[in-house]
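Novice: Okay, here's what each chain looks like letter by letter:
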Amino acid sequence: MKPLLMHPDRDFDSQAPSEKEPLPFAQDIELDVLLKATAADDRYINDVMAAACAHAWSNEAATILYRQDVLKDCLANPALVREFYSIAIEPFDRNHSWSFSLYDRSASSKVGSGVHALQSSLDVLKRLRRTCSANAAKFTSRGFQQFFATLERDLDDAYLNAAHTDLTNLTFQNGLLLSAQVGDGGKAIGTMLRKPQERDLSWLRRTFTPGAPSFTLQLHPRDEAGSQAFAELENRGLILIADAVYQSAEHVLGFLRMLRAELAFYLGCLNLKDRLDQIGEPVVFPEPAQDDSTFRCRNLRDVCLALTMGHAVVGNDVDADRTPLVIITGANRGGKSTFLRSVGLAQLMLQCGMFVTADALTSSLHSGLFTHYKREEDRTMRSGKFDDELVRMSAMADAIRRRALVLFNESFAATHEREGAEIARQITSALLDNGVTVFFVSHMYEFARSFLDDDRALFLRADRDESGARNFRLREAKPLAKSFGADLYQRIFKASTAASALQENPPRGSHFRAGP
Amino acid sequence: MNLRGHAQAKFERSDIPQPATAKEKHRADPASDAAVTFQSILFPPGLENLRHDSAEPPACFVDLNLDQIVAAIVENRDEAVLRPIFYSPCRDERIVRYRQAVFRDLERPEIYAVFPPFTEAMRAVRANLDYAGKISAKCHRATVILRAAMIYCDAVSALLRDLQSVAPRAPGLRNFQVYLATYIGSHRFTEFAAEAWDIRQTLAELSYGLLFLGDKVTVRKYASEPDYTVTLLERFARFRDNDAQPPVPQKPRDDFALNHIEEGILEFVGRLFPEQFRRLDDFVACHADFIDDVVARFDREIGFFVSYLEFIAPLKRIGLYFCYPEVSTFSKETSVAGGFDLALARKLLKEKKTVICNDFHLTGAERLLVISGPNQGGKTTFARMFGQLHFFASLGCPVAGHSARLFLPDHIFTHFEREEDITNLRGKLEDELVRLHQSCEAMTPNSVIVLNEIFNSTSLDDQVFLSTKILEKILTVDAIGVCVSFIDALSTLSEKTVSMVSTVDPDDLARRTFEIARKPADGLAYALSLAEKHGVTYERLRNRVRP
Numbered sequence: 000m001k002p003l004l005m006h007p008d009r010d011f012d013s014q015a016p017s018e019k020e021p022l023p024f025a026q027d028i029e030l031d032v033l034l035k036a037t038a039a040d041d042r043y044i045n046d047v048m049a050a051a052c053a054h055a056w057s058n059e060a061a062t063i064l065y066r067q068d069v070l071k072d073c074l075a076n077p078a079l080v081r082e083f084y085s086i087a088i089e090p091f092d093r094n095h096s097w098s099f100s101l102y103d104r105s106a107s108s109k110v111g112s113g114v115h116a117l118q119s120s121l122d123v124l125k126r127l128r129r130t131c132s133a134n135a136a137k138f139t140s141r142g143f144q145q146f147f148a149t150l151e152r153d154l155d156d157a158y159l160n161a162a163h164t165d166l167t168n169l170t171f172q173n174g175l176l177l178s179a180q181v182g183d184g185g186k187a188i189g190t191m192l193r194k195p196q197e198r199d200l201s202w203l204r205r206t207f208t209p210g211a212p213s214f215t216l217q218l219h220p221r222d223e224a225g226s227q228a229f230a231e232l233e234n235r236g237l238i239l240i241a242d243a244v245y246q247s248a249e250h251v252l253g254f255l256r257m258l259r260a261e262l263a264f265y266l267g268c269l270n271l272k273d274r275l276d277q278i279g280e281p282v283v284f285p286e287p288a289q290d291d292s293t294f295r296c297r298n299l300r301d302v303c304l305a306l307t308m309g310h311a312v313v314g315n316d317v318d319a320d321r322t323p324l325v326i327i328t329g330a331n332r333g334g335k336s337t338f339l340r341s342v343g344l345a346q347l348m349l350q351c352g353m354f355v356t357a358d359a360l361t362s363s364l365h366s367g368l369f370t371h372y373k374r375e376e377d378r379t380m381r382s383g384k385f386d387d388e389l390v391r392m393s394a395m396a397d398a399i400r401r402r403a404l405v406l407f408n409e410s411f412a413a414t415h416e417r418e419g420a421e422i423a424r425q426i427t428s429a430l431l432d433n434g435v436t437v438f439f440v441s442h443m444y445e446f447a448r449s450f451l452d453d454d455r456a457l458f459l460r461a462d463r464d465e466s467g468a469r470n471f472r473l474r475e476a477k478p479l480a481k482s483f484g485a486d487l488y489q490r491i492f493k494a495s496t497a498a499s500a501l502q503e504n505p506p507r508g509s510h511f512r513a514g515p
Numbered sequence: 000m001n002l003r004g005h006a007q008a009k010f011e012r013s014d015i016p017q018p019a020t021a022k023e024k025h026r027a028d029p030a031s032d033a034a035v036t037f038q039s040i041l042f043p044p045g046l047e048n049l050r051h052d053s054a055e056p057p058a059c060f061v062d063l064n065l066d067q068i069v070a071a072i073v074e075n076r077d078e079a080v081l082r083p084i085f086y087s088p089c090r091d092e093r094i095v096r097y098r099q100a101v102f103r104d105l106e107r108p109e110i111y112a113v114f115p116p117f118t119e120a121m122r123a124v125r126a127n128l129d130y131a132g133k134i135s136a137k138c139h140r141a142t143v144i145l146r147a148a149m150i151y152c153d154a155v156s157a158l159l160r161d162l163q164s165v166a167p168r169a170p171g172l173r174n175f176q177v178y179l180a181t182y183i184g185s186h187r188f189t190e191f192a193a194e195a196w197d198i199r200q201t202l203a204e205l206s207y208g209l210l211f212l213g214d215k216v217t218v219r220k221y222a223s224e225p226d227y228t229v230t231l232l233e234r235f236a237r238f239r240d241n242d243a244q245p246p247v248p249q250k251p252r253d254d255f256a257l258n259h260i261e262e263g264i265l266e267f268v269g270r271l272f273p274e275q276f277r278r279l280d281d282f283v284a285c286h287a288d289f290i291d292d293v294v295a296r297f298d299r300e301i302g303f304f305v306s307y308l309e310f311i312a313p314l315k316r317i318g319l320y321f322c323y324p325e326v327s328t329f330s331k332e333t334s335v336a337g338g339f340d341l342a343l344a345r346k347l348l349k350e351k352k353t354v355i356c357n358d359f360h361l362t363g364a365e366r367l368l369v370i371s372g373p374n375q376g377g378k379t380t381f382a383r384m385f386g387q388l389h390f391f392a393s394l395g396c397p398v399a400g401h402s403a404r405l406f407l408p409d410h411i412f413t414h415f416e417r418e419e420d421i422t423n424l425r426g427k428l429e430d431e432l433v434r435l436h437q438s439c440e441a442m443t444p445n446s447v448i449v450l451n452e453i454f455n456s457t458s459l460d461d462q463v464f465l466s467t468k469i470l471e472k473i474l475t476v477d478a479i480g481v482c483v484s485f486i487d488a489l490s491t492l493s494e495k496t497v498s499m500v501s502t503v504d505p506d507d508l509a510r511r512t513f514e515i516a517r518k519p520a521d522g523l524a525y526a527l528s529l530a531e532k533h534g535v536t537y538e539r540l541r542n543r544v545r546p
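Chains A and B are the protein sequences, given in the same order. For the first sequence, numbering that gives the first Met the number 0 begins at 0 and goes up steadily by one. For the second sequence, numbering that gives the first Met the number 0 begins at 0 and goes up steadily by one.
Just so you know, these hints were derived from the structure itself, not from any lab. Certain hints may be false.
[Unchecked claim] Lysine to aspartate or glutamate pairs mimicking EDC-like chemistry, simulated, CA-CA at most 20 Å apart:
hint: 1; chain 1: A; residue 1: Lys125; chain 2: A; residue 2: Asp92
hint: 2; chain 1: B; residue 1: Lys468; chain 2: A; residue 2: Asp486
hint: 3; chain 1: A; residue 1: Lys493; chain 2: B; residue 2: Glu429
Given only the sequences and the hints, what does the whole structure look like? Please build it.
Specialist: Here is the structure:
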């Protein structure tokens, strides 16, 4: 029994990349900004979206179109899909307390939470099936229709009722007696299991014989932590009686867990769509191209920049069919990095089966996304900065396969321009000759010039408009030889000249202090 | 401020009269009368008012990898206490020397060994008291405070005993020892310790029973009911495959805290044994603030010395030198022999690789070291080392090297290249210029500047133009510093600049020696040999991409 909302034929791998090994490109394309918008503060959705991104590169065109259809159903029925999801996550709610406790080592909580998990799961499945049946007509995608059919077939009322009665007998009737002493910090020490007195075991005897002075603590019905504490204490006596309930509960929960993961992906897309609607960014479903080396976009915008700025942003038109190398040059602050990021993000979203922020996008599928950005000084101190760039390039080379997409942002510039340009040229040529698509932002004129006569290269340039202000739109144009640093220096340092640097007093905010 | 009030407090808690000479000595030489004047192991008597702990790290922290170093130093320690001390270097020679003397004592293993157990115990005391502060249930709170009191008594008694046996020489430690002896000999302390011990014994002998029934647990006195484990094991034996051992009673997973059920049970136990718990309550009420202020401060502050020495100990073991720098707030004569980057050394140590040490000096008019040479030649490391040496000298710590003479700066300015930041929509170059401009404005003749390959996000022409402008500004102010740059011309800007070059092994150009030598810049870089080494030249890369 599988939900099959993400792949026509198999389960979705919802394993998010670990925090220790995040997606290598995530930082460079600001993936966290996108994930945050999809998650809408839901940590779980965030993880599922990260998983979808991590596994996007193995999706075939058929899977992408399958998801696009499911997603179109979701966009047409957002309230219903959110309702499905809210039912499906119920067993995992309340801070995951009882799903987590299934993994508890203690015997009594294994039994307790196992029974509880089964009862809740069956109830959830029953309500989910009823909600789905009532609304099946509104969904047209193959994914949803298949899902509804599965629920009708495998979870009929007769089955659910039979299962429910099986669970009622699993309770403990006998009292459980322990003894202990008061240790450091009030901890019980020397705990022993004791044989209860005769009157402890019988309601009648308790009523008619006087007992020793005692105090009784009653557990609040919704006190989850308290029931775990009870279980832990009782467990010292119950350790022999466990294990059986646990596995059936695991089984049923597995289905709900998968359903939650697959719906979470679409919830994430709905959240993102809501957010983009708010800031006035329209979206479109991109088209996976059949041929290699296709990239055509109209008004392609950086979705993360839009999300960060909170308003619609400027996009770019690029026709890079049959030019697997795109070199972007031009003014600092001219929108080069933004464009590069928009390409990476759009490709990723396309291959996840999502929509993109553009008027149109057609692109070949790539075997992976790789980014090589100039980094801050290597914080691990293994090597110099330029060496570090080469080390990262080498690590990438180990992972790159044909049809990969590689984004370079001012790479290999941490040395003399002449040497940097030569190395960038060699690397780029090698990648192109291996069928890899390269987008390269560089201010190294020497590097860009070396591809001027190569018909596989397309040149884009960030320009200033006539007033000298930066224009964030790129246009197709050959590289220019000079950058524009001097005018920035004039503007920033003009206001205060060297005179102020001669001041004798310690600066404001100084963290050292002078002795008396 | 409260010398008198403090002395009075001492008198109240002590049945041993203070020596009559104490006050006279205090007048004659404040530093020698510890019992009255000892306040801090970080600041000599009379200079405590120079304490200005900073909650935030100085701006240079990340660039110099001081964040990694300090994180390693304070790891598994009381970060909230130690970090502000490490964030607050001082520009006062007397304070630096006071601390250096304590460090010198602590470098003797037998003295050093005294403190880690003490600080560990004090940490446990604080953890217990913090926890007790969050507990509202009376019995539970009282037992936790009792636990804290027991640990505290043991810790201070052991500390005094150990100090007496090792006889420290540093004025700071000697003064503290005298103070501690007076405190522990006091009637108030001895009575407190005896009472705590006695109550603990009483509680450990109270036995109670817990009867679980459904969602209820009943608490009563233990009534000699027999051990049930044996009986039950026999009853269920037929369901098991093998001859099972009786299961070992589970230890509570959390030895420190009580959950609300355990807490509720303990309150009932308190009602079953009211007399014994009343005695506990009285004890807690009488000794609300049992930790002595001066002991508490010493505990916090000694962590500074212990943690730093523990950090450098493994480095010393592999043969690296640390020294006590001669410090000055006016002379810019600077020289260091055998210096190294602490953060890198720590990393190389883990990888069992050799640490390369470097010398440098600034004499006469010299102010700025300009470092050029091949990549991966240790230039950035050298720049970090320069900043770190000045920073740790100002903290009063031993610094990396055989010998050192260092200037105590008012501020360390650093400029290392930044990563792009989407929330800051200015370009990278503009960012760098804006930050440099702020630094140039704030810089004084007493500052230290560390520049590392600034302006790399622009073209070669721009790099030359902008770097020259900035260096001229620094030289005009007369600050001292170091500048790492590819641009040879910077090293000959004026008589204040000194050229140093990272060197390579002549037999194998791709191998760096990591030594930085004083010599004219030669403009050689070795990028292509590096690319070959990493297998990313055209030929190599062409064959590496998989289908």
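Novice: Evaluate each hint against the coordinates.
Specialist: To see whether the hints hold, each was checked on the structure:
Distance restraint check for Lys125 (chain A) and Asp92 (chain A): the Cα-Cα separation of roughly 18 Å lies within the 20 Å cut-off, and the hinted pair is therefore satisfied. Among the hinted pairs, Lys468 (chain B) with Asp486 (chain A) is consistent with the structure: their alpha-carbon atoms are about 13 Å apart, no more than 20 Å. A hinted pair counts as satisfied when its Cα atoms are at most 20 Å apart, and Lys493 (chain A) with Glu429 (chain B) qualifies at roughly 14 Å.
Comparing the model with each numbered hint stated earlier shows that all of them hold.
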